[in-house]
Amino acid sequence: MEKTIAEAKAPNLGTRWRRNAWRYRALYLMMIPGLLYYAIYVYGPMYGAVIAFKDYNVTKGIFGSPWADPWYRYFKMYLDSPYAWQTLRNTLLISLYKLVWGMPPGIILAIMLNEVKHKFFKRFVQTVSYLPHFLSMVIIYGLVVALLSQTDGLVNQWIKALTGESVPFLTSTDWFRTILVSTGIWQNIGWSAIIYLAAFSSIDPSLYEAARCDGAGRRRMIWHITLPGIRSVILLLLVLRLGHVLDAGFEQIYIMYNVHVYPVADIIDTWVFRVGLVDMNFSLATAVGLFKTLIGVVLIVGANRLAKRWEGSIW
Amino acid sequence: MTVWKDRLFLSVVYILLAGLVVSVIFPLLYVISVSLTPYSEVLKQGGFLVFPRHVTLAAYKAFLRDGLIPHAYGVTVFITVVGTFVNLVLTSLMAYPLTKKYLPGRNAFLLLIVFTTLFGGGMIPTYLIVKETGLLDTVWAMIVPGAVGSFNLLVMKAFFENLPESLDEAARIDGAGETGILLRIVLPLSMPIMATIGLFYAVGHWNEYFAAIIYVSDRKLHPLQVMLQGILRAGQSPEMNIEETMPTISLQMAAVVLTALPIVVIYPFIQKHFTKGVLLGSVKG
Numbered sequence: 001m002e003k004t005i006a007e008a009k010a011p012n013l014g015t016r017w018r019r020n021a022w023r024y025r026a027l028y029l030m031m032i033p034g035l036l037y038y039a040i041y042v043y044g045p046m047y048g049a050v051i052a053f054k055d056y057n058v059t060k061g062i063f064g065s066p067w068a069d070p071w072y073r074y075f076k077m078y079l080d081s082p083y084a085w086q087t088l089r090n091t092l093l094i095s096l097y098k099l100v101w102g103m104p105p106g107i108i109l110a111i112m113l114n115e116v117k118h119k120f121f122k123r124f125v126q127t128v129s130y131l132p133h134f135l136s137m138v139i140i141y142g143l144v145v146a147l148l149s150q151t152d153g154l155v156n157q158w159i160k161a162l163t164g165e166s167v168p169f170l171t172s173t174d175w176f177r178t179i180l181v182s183t184g185i186w187q188n189i190g191w192s193a194i195i196y197l198a199a200f201s202s203i204d205p206s207l208y209e210a211a212r213c214d215g216a217g218r219r220r221m222i223w224h225i226t227l228p229g230i231r232s233v234i235l236l237l238l239v240l241r242l243g244h245v246l247d248a249g250f251e252q253i254y255i256m257y258n259v260h261v262y263p264v265a266d267i268i269d270t271w272v273f274r275v276g277l278v279d280m281n282f283s284l285a286t287a288v289g290l291f292k293t294l295i296g297v298v299l300i301v302g303a304n305r306l307a308k309r310w311e312g313s314i315w
Numbered sequence: 001m002t003v004w005k006d007r008l009f010l011s012v013v014y015i016l017l018a019g020l021v022v023s024v025i026f027p028l029l030y031v032i033s034v035s036l037t038p039y040s041e042v043l044k045q046g047g048f049l050v051f052p053r054h055v056t057l058a059a060y061k062a063f064l065r066d067g068l069i070p071h072a073y074g075v076t077v078f079i080t081v082v083g084t085f086v087n088l089v090l091t092s093l094m095a096y097p098l099t100k101k102y103l104p105g106r107n108a109f110l111l112l113i114v115f116t117t118l119f120g121g122g123m124i125p126t127y128l129i130v131k132e133t134g135l136l137d138t139v140w141a142m143i144v145p146g147a148v149g150s151f152n153l154l155v156m157k158a159f160f161e162n163l164p165e166s167l168d169e170a171a172r173i174d175g176a177g178e179t180g181i182l183l184r185i186v187l188p189l190s191m192p193i194m195a196t197i198g199l200f201y202a203v204g205h206w207n208e209y210f211a212a213i214i215y216v217s218d219r220k221l222h223p224l225q226v227m228l229q230g231i232l233r234a235g236q237s238p239e240m241n242i243e244e245t246m247p248t249i250s251l252q253m254a255a256v257v258l259t260a261l262p263i264v265v266i267y268p269f270i271q272k273h274f275t276k277g278v279l280l281g282s283v284k285g
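Protein sequence lines, in the order shown, are assigned to chains A and B.
Reminder that position 237 of the first sequence reads as 237 in the numbering used here, one-by-one numbering, no gaps.
Reminder that position 154 of the second sequence reads as 154 in the numbering used here, one-by-one numbering, no gaps.
Source of the hints: derived by calculation from the structure; they are not laboratory data.
Do not rely on the hints blindly, as some may be mistaken.
Partner residues aside, some chain B positions facing chain A, computed with beta carbon under 10 angstroms [said to hold, decoys possible]:
hint, residue
1, Val89
2, Thr117
3, Ile129
4, Ala260
5, Phe274
Straight-line distance between alpha carbons at most 30 angstroms, and here's what the computed DSSO-like set of lysine-lysine pairs gives [stated by the list, open to error]:
hint, chain 1, residue 1, chain 2, residue 2
6, A, Lys122, B, Lys272
7, A, Lys308, B, Lys100
8, B, Lys101, B, Lys157
The C-beta atom is built at its ideal place from N, Cα and C for all residues, glycine as well.
So that you can see chain B by itself, here it is in the shape it has in the complex (with noise of 0.2 angstroms):
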C-alpha cells in the first residue's frame, strides 16, 4: 500500500522538478529562438517558436557593424578582468595580517569592517565622494567604490585561520618574512577560496550595472548591462532615443543572448565552486 503511493507520489516529484527544469530552460531557448527569426516572422507566427523555421543573423551582424554592444563588451571585460585582480589583491591582503591574533590593533580593524556591513553612508555620499576623489566617468568608478567586499574579507579570513599553524612556524623557523609566508605557503594553499571569492567577485563585475549608473553618463564606458538595459528599453518607451531607430523584438533578444552568453556557457564548469562558497559564508557568517 505504502510502496504503491510512495511510487505516485515520486513521479509527482520528477514532473514537478521537470517542470522547473524547463521553466528555466524554455525563456532561454525562447529568446534564442526570436533573436535568430527575421522580425516579419515573429509577428506572423503567432507566437509559438521554439525553433526557428527561418534561421536570419541579420540582428547579431547588424550590431557588430553597429559596433556599440563591441565596445560595451571591451568595458565590460575590462572590468571583470581588472576589477576582480584589485579585489582579490586588495581583500587578501587584508585578510593575512588580521588572521595574526598579536598584531596590535586588530580587534578594533574588524570591529571597524563588521560595522560596515551593518551602517553605510548610502547612495547619495557614496556618490559624492567618488566624485570628490575624481572617479566620476571614469572606468575606475565602476572597480574602485567596490573594491573589498566586508564579507569576502570575513570567509578569507577565516578561511586562511584554518591553515595549519605548524607551516607557518615552519616558514618562520626557515627565515620567511610576511610577505615570504602570504605568497609562498597562505595564497597556494588557498587556492580553493581564492577560486570561489574570486569568481564572486567577477559575476558581479560582469552583471556591473548599479555602479555604472550612477557614476558614469558617458556612454563610451557603459558596460554591456546598461547598453543592454538602454535597448530593452528603448523598444517599451518610444520617448528615448527618437533620433535612434527603435530596435525590434528581434534584435533587443540578440543583445539578451550575447550579453548572457558567457556566463551561461562557462557556468557549468565552475558551478561547483560557487555551491561551496554559500556553505562556506553561512557556516562562517
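For reference, chain A alone in the conformation it holds in the complex (with noise of 0.2 angstroms):
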C-alpha cells in the first residue's frame, strides 16, 4: 500500500519541489543573507582547511597550490617536533586544571546561595558574582597587573614589605598555570552557579519538610537532599566540558601569557596563532588546527552521547 503512494508520487516531485519552492520564495529570500553568511564564512573556511594537505602558495591560493607530499607531510612535521608533545600536554593540564578547580567553586556558591533567606542579600551576592563575567580578558589581565606586577603590583608591594624581595608571577613558570586557573574561577564562580541554583528548584521542597520533621541540620540536609538533587547536572556538565577538554582557552593565555612562561603556557591554539600568523606558515598551521579540531569533535561527539544516555534522568 504504502509502496504504491511513493511510486504514484514520483514522477512529478521535481515539479511539486519546484512549485513550493516558488510558493515559500519570501522565506527563502529572508534567508539568502545568513545563508550566504555561512556558505562563504562558515562552510568556506572548511574547505579551506585543505591547505593542510599542500604546500600552500600565496600566489596560488587555496585552490592551485600543489598538493603536498606526502598528504600528512605536517601532520607528521608537527607530530615529530618538540612542540607537539609541550603543546598538547599544556592544553590538556590546562583545561583539566581548570575543570577541577573550578567546578566546585561554583556548586559551593550555588548551595550558599541557596541557604540565604535574605531576599536582597542574595540578590546583591548574585549580581556582583556575575560581573567579572562581563568583563573582558584584556581588563582582567589589567586587574592581574594592577595585583601581582613584579614592579607595582599591590600583592608584590606586601611581599616586598615583608620579605624585601618580589615575585615574578607573571613571568614565572613556577606561577603562571596558577593565575590562569585562579582568574578564570574569579571570572566564572558566580556564573556557573546559575545553572545550579536553577537545578535547586527542582527538588522536591516536601524532602525538607520530611528531613526537618526527623530532626536533621542544614548540613545534613545540604549533604543528602540538595547534592543528590543536582548530581545528575553536576555529571552532565562535566561530561559536556570534557568534551571540549581541548580547549583550554586561547584569548585568555595569549592575552596574559610572554616568551618566559611558554613551556607551561604554549597551548595548541597559541601555537598555531604563531606558526600561522607569525611566521606565515600556513599550512603547518592548518594541519595543526585541523587536528585538534579532529580529535575534538570526536571527544564531543562521545560526550554528547553519554549525556544524551543519562538525559531522561536529568529534565
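Two chains, each in its own frame: build the complex with the hints.
Set out below in C-alpha cells:
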C-alpha cells in the first residue's frame, strides 16, 4: 500500500518541489543573507582547510597550490617536533586544572546562595558575582597587572614589605598556570552557579520538610538532599566540559602569556596562531588546527552521546 | 542543638559570601584608586590605597589629549552598534523561516547549521577567506565573520516556535505575507529574546579582541580592548613601543577603568536579561 503511494508520487516530485519553492520564495529570500554568510565564512574555511594537505603558496591561493608530498607531511612535521608534546601536554593540563578547580566553586556558591533567606542579600551577591563574567580578558589582565605585577603590583608591594623580595608572578613558570586557573575561577564562579541554582528548584520541597521533622540540620540536608538533587546536572556538565577539553582558552592565555612562560603556557591554539599568522606557515598551522578539531569532534560527539544516555534522568 | 549549629553554619555562609563580594569589588576599587593617584604617591604608599589621598585626573587628561583612546572608543562603539544590528537582522531573518515545518529543505539547512557547532575550518583558513573577500584591515573584519552565532540562532528559533500558532493563522487570513507576519507579529512578540540575544552579541562586540588582532593590523582601526592590551603590555615588556614613553601604572589603570566603565555601569540594569538567556540556552540547547 505504502509502496504504491510512493510510486505514484515519484514522477512529479521535481515539479512539486519547484512549485513549493516558488510558493515559499519570501521565506527563502529572507534566508539569503544568512545562507551567504554560512556559505562564505563558515563553510568556506572548512573547504580552505584542505591546505593542510597542500604546500600553500600565497600567490597560487587555496585552489592552485600543489598537493603536499606525502599528504600527511605537515601532520608528521608537527608530531615529530618537540612542540607537539609540549602543546598537547599544556592544553590538557590547563584544561583539566580549570575543570577540577573550576567546577566545585560554582557548586559551593550555589549551595551557599540557596541557604540564604534574605532575598535582597542573595540578589546582591548574585549580581556582584556575575559581573566579572562580562569583563573582557584584557580588563582581567589589567586587574592581574594591578595586583601581581612585579614592579608595581599590590601583592608584590606587600611581599616586598614583608620579605624584601618580589615574586615574578607573571613571568614565572611556577606561577603562570595558577594565575590562569584562579583568574578563571574569579571570572566564572558566579555565572557557573546559575545553572545549579536553577536545578535546585526541581528538588521536591517536601523532602526538606520531612528531613526537618526527623531533626536534620542544614548541613545534613545539603549533604543528603541538595547535593544528590543536582548530581545528574553536575555529571552532565562535567561530561560536556570533558568534550571541550582541547579548548584551554586561547584568548586568556594569549593575552596573559609571554616568552618566559611558553614551556608551561603554550597550548595548541596559541602555537597555531604564532606558526600561522606570525611565521606565515599556513599549511603547518592549518594541519595542526585540523588535527585538534578532529580530535575535538570525536570527544564532543562522545560526550554528547554519554550525556544523552542520562538525559531521561535529568530533565 | 541543631538550631545552634544551624546558626553558626549560616553565619559562616554569610561571611564567605561577603568575602566573595569583597573579592570582586576590591580589585575594581583598587584599580580606580590607582588611576586617580599620582605615580610618585603609588610608589611611596607601599601599596595599600583603597581611597587615594591625593586625587589627580592627570592620567585621564593624558589619554584625552593623546586622542588614541577616544579614537578606539569610536571604533568599539561602531562595531558594537553596527555589529549587533547586523547580528540581529541576519539571525532573525534566518531563524524565522526555519520555524516553518512545511518549508522544503528546512531539515537540510538545520543540519548544516548544527554541524557548524561541532566542526569549523579553523583559525588560519578563516583568516584566508577573510583576506580573499577583501575584509582584511577594515572594520568589517570585526563584524562580518561572526555575523550569525549558530547557538543564538537555534535559541531564537526555539523561541519563535513557542509563539502561539493561532496568531500566525489569523494574520494569514487577514492577508498578511511572510514578511508582514515576521515584522508585525513575530518580532514584536519576541522582544524579550531579542533583548537577551542582542545583549550577548553586544557584550561580545564590546569585548572584541580576537578578530581585531587577527584581521586588523592598522592601529587606527584597533578597538578599545586591543589598545588597552598594548598599553598594559608596554609596561611589562620594554622591548615594545620603544619610541613611546613607558606608561606608568596610573596610566595603565586609567585605561582599564575607561575600558571597563561602560560595562560596569550599565551591567546592573541589564543583568536580568542575561540570566534569563543562560537558562533559555541550557534548556533548549
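**OP:** List in ascending order the numbers of the hints, as given earlier, that are violated by the structure.
**Re:** Per hint list: zero violations.
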